[in-house]
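Colleague: Taken in order, these protein sequences are the chains called A, B and C. The C-terminal residue of the first sequence carries number 371 in this note's numbering, and the numbering is unbroken. The C-terminal residue of the second sequence carries number 496 in this note's numbering, and the numbering is unbroken. The C-terminal residue of the third sequence carries number 966 in this note's numbering, and the numbering is unbroken.
Among the clues, some could well be false.
As the list claims (entries may be wrong) - With a straight-line Cα cutoff of 30 angstroms, these simulated BS3-like cross-link-like pairs (lysine-lysine) come out:
1) A:K317 to C:K632
2) A:K354 to C:K601
3) A:K76 to A:K136
4) C:K631 to A:K309
5) B:K431 to C:K601
6) A:K102 to B:K479
7) A:K302 to C:K609
8) A:K45 to B:K479
9) A:K317 to C:K631
10) C:K790 to A:K223
11) B:K405 to C:K631
12) B:K482 to A:K135
13) C:K703 to B:K415
14) C:K659 to B:K459
15) A:K136 to B:K482
16) A:K354 to C:K632
17) C:K632 to B:K459
18) A:K367 to B:K431
19) C:K609 to A:K292
20) A:K274 to C:K610
21) A:K257 to C:K610
22) A:K176 to C:K659
23) A:K292 to C:K625
24) A:K354 to C:K595
25) B:K431 to C:K631
26) B:K459 to A:K274
27) A:K102 to B:K405
28) C:K659 to A:K274
What the hints assert, rightly or not - Stretch-level coverage of chain C by chain A, calculated; a stretch enters the list once three of its residues show a Cβ under 8 angstroms from a Cβ in chain A:
29) 607–614
30) 683–693
31) 881–894
32) 898–910
Bear in mind the hints are in silico, worked out from the structure with no lab data behind them. Only a predicted model underlies this, so the values are computations on that prediction, with no experimental measurement involved. All residues carry an ideal CB built from backbone N, CA and C; glycine is no exception.
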Amino acid sequence: MIDYLNTHAEQIVLIVVIFLALFSLLVFVGAIGSRWLLNRSEKRKARIRSDLSNLVIQYISNDISFEEIKSELTTKTDYAILLQISNELDRSLEGEEAERLKRLMNLQPIRSYFEDRFESNNPLERAKACLYFSKKTNVKQTLIPAIVKQTSEEHPMLAYAACMVILNHGSEEQKKLAIENLLQNDGLSNQALNDIFAEFQANSAHEDTGGAGLLMELIEKGKFTDHRTALMIRTLGELGYFQSADFLLEKFFELPKTGYDPEITTALIDILVKFGMAEIIDRLHKQFVQSKHSEVREAVAKALGIFCKEESIPFLKWLLVDQDFYVRFHAATSLSNYPEIDLRKLKTPDMDDKEYSELLGEIEAGKEGGY
Amino acid sequence: MNQARILVVEDEEMTARLILYRLKSLGHETRHAKDGVEGLKMIKEFNPDLVVLDVMLPGKSGFEILQELHDDPGFESGNIRVIMLSNKKSVEDVSRGFNLGAMEYVPKPFKMDEFLLRLKRVLNQ
Amino acid sequence: MDVLFRTLLVINVLIFFYFIVVNLSYISLILFSYIQTRRSKQESSIFQLSGLFDTRLYNSISILSPAYNEEASIIESTRALLNLEFSDYEVIVVNDGSKDSTLEKLITEFGLKKIDRYVPVSIQTKKIKDIYGSKKYPNLFVVDKYNGGKADALNSGINVSRKDLICAVDSDTLLEPTVLQQMLMAFVADPTTVAVGGVVRVANGCKFDLGEVSEVHVPKSFIGRVQAVEYLRAFLFGRTGWDYFDSLLIISGAFGVFDRESVIKVNGYLDDTVGEDMELVVRLHRYYRDRKEKYRIRFLPEPVCWTEVPETWKVLGRQRNRWQRGLADTLWRHRGMMLNPKYGRLGFFAMPFFFFVELLSPVVELGGYIVLAVSLWLGVINIQFALLFLTAAILLGMILSVLSVLMEELTFRRYDRLSDVLILILFAFFENLGFRQMHAWWRFRGMIDFLKGDKKWGEMTRTGTFSSRI
Chain A
1 MIDYLNTHAE QIVLIVVIFL ALFSLLVFVG AIGSRWLLNR SEKRKARIRS DLSNLVIQYI
61 SNDISFEEIK SELTTKTDYA ILLQISNELD RSLEGEEAER LKRLMNLQPI RSYFEDRFES
121 NNPLERAKAC LYFSKKTNVK QTLIPAIVKQ TSEEHPMLAY AACMVILNHG SEEQKKLAIE
181 NLLQNDGLSN QALNDIFAEF QANSAHEDTG GAGLLMELIE KGKFTDHRTA LMIRTLGELG
241 YFQSADFLLE KFFELPKTGY DPEITTALID ILVKFGMAEI IDRLHKQFVQ SKHSEVREAV
301 AKALGIFCKE ESIPFLKWLL VDQDFYVRFH AATSLSNYPE IDLRKLKTPD MDDKEYSELL
361 GEIEAGKEGG Y
Chain B
372 MNQARILVVE DEEMTARLIL YRLKSLGHET RHAKDGVEGL KMIKEFNPDL VVLDVMLPGK
432 SGFEILQELH DDPGFESGNI RVIMLSNKKS VEDVSRGFNL GAMEYVPKPF KMDEFLLRLK
492 RVLNQ
Chain C
497 MDVLFRTLLV INVLIFFYFI VVNLSYISLI LFSYIQTRRS KQESSIFQLS GLFDTRLYNS
557 ISILSPAYNE EASIIESTRA LLNLEFSDYE VIVVNDGSKD STLEKLITEF GLKKIDRYVP
617 VSIQTKKIKD IYGSKKYPNL FVVDKYNGGK ADALNSGINV SRKDLICAVD SDTLLEPTVL
677 QQMLMAFVAD PTTVAVGGVV RVANGCKFDL GEVSEVHVPK SFIGRVQAVE YLRAFLFGRT
737 GWDYFDSLLI ISGAFGVFDR ESVIKVNGYL DDTVGEDMEL VVRLHRYYRD RKEKYRIRFL
797 PEPVCWTEVP ETWKVLGRQR NRWQRGLADT LWRHRGMMLN PKYGRLGFFA MPFFFFVELL
857 SPVVELGGYI VLAVSLWLGV INIQFALLFL TAAILLGMIL SVLSVLMEEL TFRRYDRLSD
917 VLILILFAFF ENLGFRQMHA WWRFRGMIDF LKGDKKWGEM TRTGTFSSRI
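Please model the entire structure based on the sequences and the hints provided.
Modeller: Listed below in structure tokens is the structure:
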């Protein structure tokens, strides 16, 4: 073989060089060509998008009818772009315009696109389909049980999307099951869970304490992580049902002397303060004001300022020289709530001059601005 | 409503288009800025009667714009009315908006007719 | 004499075939990368197309930015990090015992105050002096600690972080605003993902505005242009190609997102190696494969970070020397994985490839030129063979580089002007005439330095590419 190479060496090299030259030329020409093509296709898409946007805006403003806009939609690209446009608008609008938008989203090509996606193997595609279903006014009843099953899927996006559907279209039992499944999904972010609870709340009749009841039940079960439990406590607080205050108070007193979770403790303190449960003050003084976790001390500093009891003053003064800035800030703010206290007189020699006056300045500005 | 000069500073294209469309059909003269820096520039150049200001903007945020207008000595910020429009609707954000001089704060998602009503109210003050 | 001639001839032939094999396998790697890039684009379109997924629903991220004597650019780069389009993330700047005014500048600019944040010591690091927070920027934290090197700084950042994922960046990289969303996609698409790498592109020559890239151009200098082509080939398509085989060995230290718990499980970055970025990835692979647990390490070609590349031969030489030492070090530490069927395609295919192709190639290449010259002079081989040899070594390399430019045009097309494309094609030639040989020499020196036990980092001079209004 070496002899073959030797004799034909020059030809081989020549071929390679020619190939290289042609190849490079091809790439360059291709670059020109593809940019031109791309330019054209982007211009076309931009034009379609512009036209469709105008149509959609006119339609939802009730200046053209559903039939009129429907007749303008012909190609697949049209529907794809329509979907994009609708999703963008959907995030900002509610009320009448949003209702009209929903009708657009219910058009046959879009609906079947998503119904097909629901059968896909890819969990993300199924999640996409579920999110679409959750926004519709009606969902085929036959799909519901399958969607309930998806809430226990490991994939967080899929579980989230499926849960959203159930919260809008499922029975009370199904809703409870969906939420419980989601709470056990570790991959889900706090924000996602907040959304779920908000949706749940929005979909329960206002006399129904279902949301609060469910949360209390689940917190009692205790099979969730500390992080999740703290989130549930805060959500319970946001729901604002006074009945949950006693429940949370119980949980507060159940906190151990050491090894308590800072997130749960902070959540409990913040929420119980909101409910005005002054019963916690004693324990705040005796135990939590000395917590090794700065966020707990911060919560205590804030809490004592709301209750504004005489007995808390020495504790707040102690927190005023805390090693964490935020604790000091909130302690100072809390002390400023006491009419008989002049913050300027509280400055001790070991405090930082500049910082203290900055702090006072901020608090005053905050009060003026109505913060 | 009398004809007014209205500037919409909003980076979400469709939302901006919708608002501009409705305002135009009510007879107002409108302009659109897509980011904070451009928005600030246009406030100074176009001198609108009313600004519909989003908070989450690329470049400068809505709050930063209001702050700068307030701090700018050569600018009469008292004449410009501002409606804030935003995804951020916590108590802190709303009060911050009002403290910086906004007359209305509309959280997203919003109802179009309600928005227009509040806008009308601000214009008539 | 005859024996000498025979041996030389055989060596020549072997090296000749070495070049053919290496270049051809690189070419096929690039071709596979094209397939993978298409796949990746399709996947990302699931997210983009209907805009149904909100970033608020994704995992949370901590960006770790280690800083040592960065007073010139620290404010700018930190501001840029605070401006990313993502809802739940924090920025942790770790001041690794800087001797200049890095910390002071940060304190003044962002109104930092000392806070008392509880830091679990998940990984052992040099002591942390203080942690600072800012009321105006509640997601910014600055960790002031005793000097311990980049790996140590990153590890303390990991300790301080309370988010699900960490993103390690260099202080001289600029992330595009949507980068976090894009990187997150991999984690959302497959929750068993533990690490994701993104693309590093050459910032020199580009225009930046408001912390974002506004115009993409090739660098103005020869050395910059050559690197532009190289980055396309090696760091964009090369890595994507490896992702196709699910055997990604390196995630650039300039930009990578990791699952925080997994990194803690393997005990963080190693602090006595210069190749700590690659070493972590290989260790993650090893950890999960040893335990036969499901995991994924991915490379995404869409998320882009921009970095300043060296503009002088001296600094570039030192950088490449360091990279070679890092590579050698990692391969040596994990030599147990090499050709070990327990580690699947990674151990059997990727690691040996890196060893024979990436690691040994400078030796083979330089040796090859010398042997060629000697053999030609001695008459062992004739001109024709020498020509073939050079074809295999250089011309094939040129084809490879031009192929990378083609790939770029077929997929991302980030270079705005046609003149840039033309320059890239031209430099695909130049890359193999002179640069490659110099590169081989630097890497050869790197090997020697590694064998001598050199662990220095060397300095990087900044040329202010990112100065702009932010």
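Colleague: Look at each hint and say if it fits the structure.
Modeller: Verification of the hints:
About 25 angstroms separates the Cα atoms of K317 of chain A and K632 of chain C, which keeps this hinted pair within 30 angstroms; it holds. Restraint check: the Cα-Cα separation between K354 of chain A and K601 of chain C comes to about 18 angstroms, which is no more than 30 angstroms; the hinted pair holds. Pair hint K76 of chain A plus K136 of chain A holds up; C-alpha atoms about 21 angstroms apart against a cutoff of 30 angstroms. Distance hint between K631 of chain C and K309 of chain A is fulfilled; the C-alpha atoms sit about 28 angstroms from each other, no more than 30 angstroms.
For the proposed pair K431 of chain B and K601 of chain C, the alpha carbon gap of about 22 angstroms is at most 30 angstroms, so the pair holds. A C-alpha spacing of about 18 angstroms is found between K102 of chain A and K479 of chain B, which places the hinted pair at or below 30 angstroms, so the restraint holds. The suggested pairing of K302 of chain A with K609 of chain C holds, with an alpha-carbon distance near 19 angstroms, which does not exceed 30 angstroms. Between K45 of chain A and K479 of chain B the alpha-carbon distance is near 28 angstroms, which keeps this suggested pair within the 30 angstroms criterion.
Under the criterion of a C-alpha separation no larger than 30 angstroms, the hint pairing K317 of chain A with K631 of chain C is consistent with the structure, at around 22 angstroms. The straight-line distance between the Cα atoms of K790 of chain C and K223 of chain A is roughly 25 angstroms, inside the 30 angstroms bound, and the hint therefore holds. Distance hint between K405 of chain B and K631 of chain C is fulfilled; the C-alpha atoms sit about 28 angstroms from each other, no more than 30 angstroms. Pair hint K482 of chain B plus K135 of chain A holds up; C-alpha atoms about 17 angstroms apart against a cutoff of 30 angstroms.
Annotation: proposed proximity of K703 of chain C to K415 of chain B holds, straight-line Cα distance about 27 angstroms (limit 30 angstroms). Among the hinted pairs, K659 of chain C with K459 of chain B is consistent with the structure: their alpha-carbon atoms are about 22 angstroms apart, no more than 30 angstroms. Proximity of K136 of chain A to K482 of chain B is assessed by CA-CA distance (about 18 angstroms); at most 30 angstroms being required, the pair is judged to hold. The hinted pair formed by K354 of chain A and K632 of chain C meets the criterion: a straight-line CA distance of about 18 angstroms does not exceed 30 angstroms.
With a CA separation close to 16 angstroms, the supplied pair K632 of chain C and K459 of chain B stays within the 30 angstroms bound. Taken as a hint, the K367 of chain A and K431 of chain B pair is honoured in the structure, with Cα atoms around 27 angstroms apart against an allowance of 30 angstroms. Distance check on the hinted pair: K609 of chain C and K292 of chain A sit about 19 angstroms apart at the alpha-carbon level, within 30 angstroms; holds. About 28 angstroms separates the Cα atoms of K274 of chain A and K610 of chain C, which keeps this hinted pair within 30 angstroms; it holds.
Restraint check for K257 of chain A and K610 of chain C: satisfied, since their Cα atoms lie roughly 28 angstroms apart, inside the 30 angstroms limit. Taking the CA atoms of K176 of chain A and K659 of chain C, the gap is about 28 angstroms. The hint holds against a cut of 30 angstroms. Straight-line distance between C-alpha atoms of K292 of chain A and K625 of chain C comes to about 18 angstroms, which keeps the hinted pair within the 30 angstroms bound. A threshold of 30 angstroms between alpha carbons decides the hint, and for K354 of chain A with K595 of chain C the separation of about 25 angstroms falls inside it, so the pair holds.
Distance restraint check for K431 of chain B and K631 of chain C: the Cα-Cα separation of roughly 18 angstroms lies within the 30 angstroms cut-off, and the hinted pair is therefore satisfied. Restraint check for K459 of chain B and K274 of chain A: satisfied, since their Cα atoms lie roughly 22 angstroms apart, inside the 30 angstroms limit. Straight-line distance between C-alpha atoms of K102 of chain A and K405 of chain B comes to about 27 angstroms, which keeps the hinted pair within the 30 angstroms bound. At roughly 27 angstroms between alpha-carbon atoms, K659 of chain C and K274 of chain A fall within 30 angstroms of each other, so this suggested pair holds.
By the rule of at least three residues with a Cβ nearer than 8 angstroms to a Cβ of chain A, the coverage given for the region 607–614 of chain C holds, with 6 such residues. With 3 residues bearing a CB less than 8 angstroms from a CB of chain A, the region 683–693 of chain C meets the requirement of three and the coverage assertion stands. Counting residues of the region 881–894 of chain C whose beta carbon lies closer than 8 angstroms to any beta carbon of chain A gives 7, which reaches the threshold of three, so the coverage claim holds. With 7 residues carrying a beta carbon less than 8 angstroms from a beta carbon of chain A, the region 898–910 of chain C meets the three-residue requirement, and the given coverage holds.
Checked against the numbered hints given earlier, the structure satisfies every one of them.
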